[in-house]
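Colleague: If you want the building blocks of each chain, they are given just below.
There are 2 protein chains.
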Amino acid sequence: MPGEFALIERIRARVRARPDVALGIGDDAALLDVPAGHQLVVTSDTLVAGVHFPPETAPADIGWKALAVNLSDLAAMAAAPAWCTLALTLPEADDVWLDGFLDGFFELADEHGVSLVGGDTTHGPLSITITAHGFVPEGQALRRDGAKAGDEVWVTGTLGDAAGALQQWRARGPFSAKLRYRLDRPTPRIEAGLALRGLATAGIDLSDGLAADLGHVLTASGLGARIDLGRLPTSRTLADHFDETARWPLQLSGGDDYELCFTAPASAAFAIEQALSERGVTATVIGQLEPQPGLRCTTPDGADYAPPRAGYQHFQGVH
Amino acid sequence: MPGEFALIERIRARVRARPDVALGIGDDAALLDVPAGHQLVVTSDTLVAGVHFPPETAPADIGWKALAVNLSDLAAMAAAPAWCTLALTLPEADDVWLDGFLDGFFELADEHGVSLVGGDTTHGPLSITITAHGFVPEGQALRRDGAKAGDEVWVTGTLGDAAGALQQWRARGPFSAKLRYRLDRPTPRIEAGLALRGLATAGIDLSDGLAADLGHVLTASGLGARIDLGRLPTSRTLADHFDETARWPLQLSGGDDYELCFTAPASAAFAIEQALSERGVTATVIGQLEPQPGLRCTTPDGADYAPPRAGYQHFQGVH
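As given, the protein sequences belong to chains A and B, one line each in that order. Numbering-wise, UniProt numbering puts 120 at position 120 of the first sequence, and it's gapless, one number per residue. Numbering-wise, UniProt numbering puts 92 at position 92 of the second sequence, and it's gapless, one number per residue.
Read the hints as simulated data drawn from the structure, not as lab findings. It should be emphasised that the depicted structure is a prediction, and the values quoted were computed from it without experimental measurement. One or more hints might be untrue.
Note that identical chains are pooled: a pair holds if it fits in a single copy or bridges any two copies.
[Claimed, not checked] No more than 25 Å apart at the CA atoms, straight line, and that leaves these computed lysine to any residue pairs for SDA-like:
no.	residue 1	residue 2
1	Lys178	Ser277
2	Lys148	Gly26
3	Lys178	Gln167
4	Lys148	Gly24
5	Lys178	Asp110
6	Lys148	Leu23
7	Lys178	Glu191
8	Lys148	Ile25
9	Lys178	Gly230
10	Lys148	Ala22
With the hints as extra help, turn the sequences into a complete structure.
Modeller: Okay, structure coming up:
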């Protein structure tokens with residue numbers, strides 16, 4: 001695109017080096033060193049304006065979130081993040097927008113020591129694809145297919161905040177800045193993922209909502225689960241804005257939490273709490289795996305509750 | 001997007017396995033084994049409808065080209081391709097379009113043994129970002145910064161065919177199907193790249209046109225070059241449709257050739273010709289590197305010729 005080389009220079013100037021990047025931005029491809037005894041972990045996610053975020057989202061929040069959703073996938077594999085590529089499609093070469101985007105992007109990248117090693121800038125409707133790379137010691141990745149019947153089901157942090165923000169945004173009424181922050185600035189649970197190596201049996205990140213994402217673990221592991229709705233971790237802010245029955249659909253099917261959901265035998269519970277609290281991450285047991293396939297939810301009154309269908313809709317139809 | 005899981009299954013069903021893919025599509029991220037003693041080579045390129053290809057381009061040609069432009073970058077590094085991720089943004093879930101796209105994509109992927117290991121499908125204006133991964137033995141990558149004064153400048157194949165097709169397409173007049181094929185189905189010079197390990201001093205792929213891309217090598221290596229326009233390799237079809245002075249701008253500044261341009265000492269010329277001809281690739285010496293910075297072109301009459309400015313415009317403005 002016109003001004004592409006100036007754009008690339010603007011991006012490259014902010015990249016932090018890593019010793020395992022033999023050659024970064026500026027050649028046909030990057031040259032990278034994967035440490036011996038480790039597997040490479042690769043994930044790729046796209047954000048499209050008006051589909052994955054409201055059009056008025058601040059550029060810095062878009063930059064943060066585009067990287068965060070990818071790092072969240074690495075966290076779910078218990079991988080240590082290392083590098084990423086950035087494919088940025090922009091309607092016009094706008095330095096102010098780009099600098100804002102890079103502020104958010106590099107704030108998160110630098111926090112996790114992720115080096116930007118390449119990518120592409122093109123002209124077109126606003127869209128961002130990031131491919132993130134990390135490592136995990138051979139055989140220690142947290143997969144979806146390792147859960148065992150009887151394992152407890154855990155989630156990190158709190159659920160439903162982002163979906164609450166989205167519902168408020170759609171209603172065009174009063175909204176909570178705290179909830180909106182959780183939508184725009186999700187926290188990839190990298191530290192939690194690393195702490196769960198050797199402790200959790202399976203894991204996934206919550207992008208599409210607990211029901212859909214836990215459903216993937218259940219399918220991959222050939223199991224079912226019962227979830228106790230009264231144990232779903234809930235932020236005070238969400239509770240202030242939504243009563244219990246309004247919260248459950250947000251927490252089960254809202255998506256965009258980017259918390260980790262993982263499974264582990266009850267015998268590992270103490271070690272898990274200790275390992276996570278050392279890293280400042282809270283986690284909660286919300287249910288248990290059962291041999292019978294399917295997801296069953298129980299209200300605090302002991303009644304069955306069918307989670308509303310959703311998952312992977314995000315902002316679909318917002319534009 | 002609605003139907004995303006069906007789309008992913010449709011894609012996954014066509015993936016060919018590789019023994020170094022420990023875990024492919026279907027978890028939060030892929031788990032991959034990089035061979036010992038090798039560096040990982042990573043590149044990422046985006047194609048946007050109406051910007052990088054005319055809107056009426058056949059889906060199979062789009063699928064081929066989206067992968068080809070990435071494999072071309074790996075070829076320019078002398079890397080052996082291994083894996084890729086595919087981020088596909090589609091205006092609607094259209095099985096017929098998708099199947100056509102996958103036909104072209106997997107035709108090329110299977111030809112080079114590239115395994116699709118992950119990605120994302122999203123709703124939005126048509127756009128494709130592929131991140132390609134390959135390996136190169138430690139220290140044997142072909143970089144842009146290794147050229148030496150006195151080295152000869154080579155290009156593979158023929159130049160200007162794709163740019164000729166684009167010019168015909170823009171003129172809306174008669175066109176050559178052979179030239180159009182070169183625009184829609186570029187050949188990534190993977191075999192040539194592998195053959196040049198240990199022989200070439202620097203290399204790049206020709207995506208933006210010879211003048212711009214050779215210019216990157218000159219800048220990175222701190223050198224200049226003189227190119228003999230009479231030696232630019234020209235297909236008979238291009239010569240049939242464009243006379244000499246009409247060809248030069250296409251060959252120097254047209255772009256989309258996806259041939260390799262590389263440099264090597266004259267003493268390596270025989271070994272290079274032998275190594276390339278064993279792989280069925282033609283290559284031509286078109287000039288020589290000089291200490292004085294800048295690119296100078298000489299016509300067959302011995303006159304100086306200034307290449308028209310272009311590079312990295314592609315289909316910009318087509319839409």
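Colleague: So which of those numbered hints doesn't the model satisfy?
Modeller: none
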